[in-house]
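Hey, can you work out the whole structure from these sequences and the hints?
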Amino acid sequence: MITKKYADFIINKKAVERGGKTVENAHCRRCHITAGKGNNIAPDLDTESRRKTAETLKEKLTEPTDYMPDFRMNNTVSDETVKYLLNSGGSMKNTSKTAPYVVFITQGKKSAFEDKCGGCHRLLTRKRGGIGHGDTAPNLSGLFTEFYPTDTIKSEAKKWNREMLLKWVKNPRQIKPASLMPPVVLTEDEENRITEEFNN
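The numbering of the sequence shown is the numbering used here, which starts it at 144 and goes up by one.
Hints were generated in silico from the structure; no laboratory data involved.
Keep in mind that this is a model prediction, so the values were computed, not measured.
Even glycine gets a Cβ: it sits at the ideal position worked out from N, Cα and C.
Possibly wrong hints are sitting among the right ones.
[Stated by the list, open to error] So the derived label-pair ranges between C-beta atoms look like this:
| id | residue 1 | residue 2 | range |
| --- | --- | --- | --- |
| 1 | E339 | P212 | 30 to 38 Å |
| 2 | K253 | I153 | 42 to 50 Å |
| 3 | R269 | I153 | 31 to 39 Å |
[As the list claims (entries may be wrong)] Below are the DSS-like pairs computed for lysine-lysine, each with C-alpha atoms no more than 30 Å apart in a straight line:
| id | residue 1 | residue 2 |
| --- | --- | --- |
| 4 | K301 | K313 |
| 5 | K310 | K253 |
| 6 | K180 | K270 |
| 7 | K148 | K195 |
And the structure:
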């Protein structure tokens, strides 16, 4: 059952359109699937919009988990985003077949990302869950995918990839002179392990 506040999600086209723009601007698809597009490293929002109440969806937007960026959405923006999620998710016929994202505890060999990058960054992965604990630098979830913000890189590359990341890590100021990030020295093994974590 959908409460009165959100019941117009099918007919309020302007609110739904504004909510869709918020999803695009916040780059939600770098972690989530919505309207059938995106990365499946966090809950599929097409499925969640049919399983959860509108109020629960709004709570997730306004009080995000540790590995979801806090977009500081006001009431109007979060309400419109929920209406978009209800509208776009309701139009999808299939339910996600991917297992829910549950594990946040890693075992075995220590994450190279956590060791070298995690003091400033966070990364959400399907295989390891959330790694890193920093919030002073960008959340890098979905970095190598088409859904990561393209305005984060002003160079010859159109999107982030392994080569661009390693070039950045070795000398950030060569790419972005005003960067606050210092160069990071990595062994070949660490380079391989870190870039592999972006593919999981």
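Hint check results:
1. E339 - P212: 30 to 38 Å: This hint is violated: roughly 23 Å between Cβ atoms.
2. K253 - I153: 42 to 50 Å: Holds - the Cβ-Cβ distance for K253 and I153, about 49 Å, lies within 42 to 50 Å.
3. R269 - I153: 31 to 39 Å: Since the Cβ atoms of R269 and I153 sit about 32 Å apart, the hinted range of 31 to 39 Å holds.
4. K301 - K313: This hinted pair holds, its Cα atoms lying about 19 Å apart.
5. K310 - K253: Holds, at roughly 23 Å.
6. K180 - K270: Holds, at about 20 Å.
7. K148 - K195: Holds. K148 to K195 sits at ~15 Å (cutoff 30 Å).
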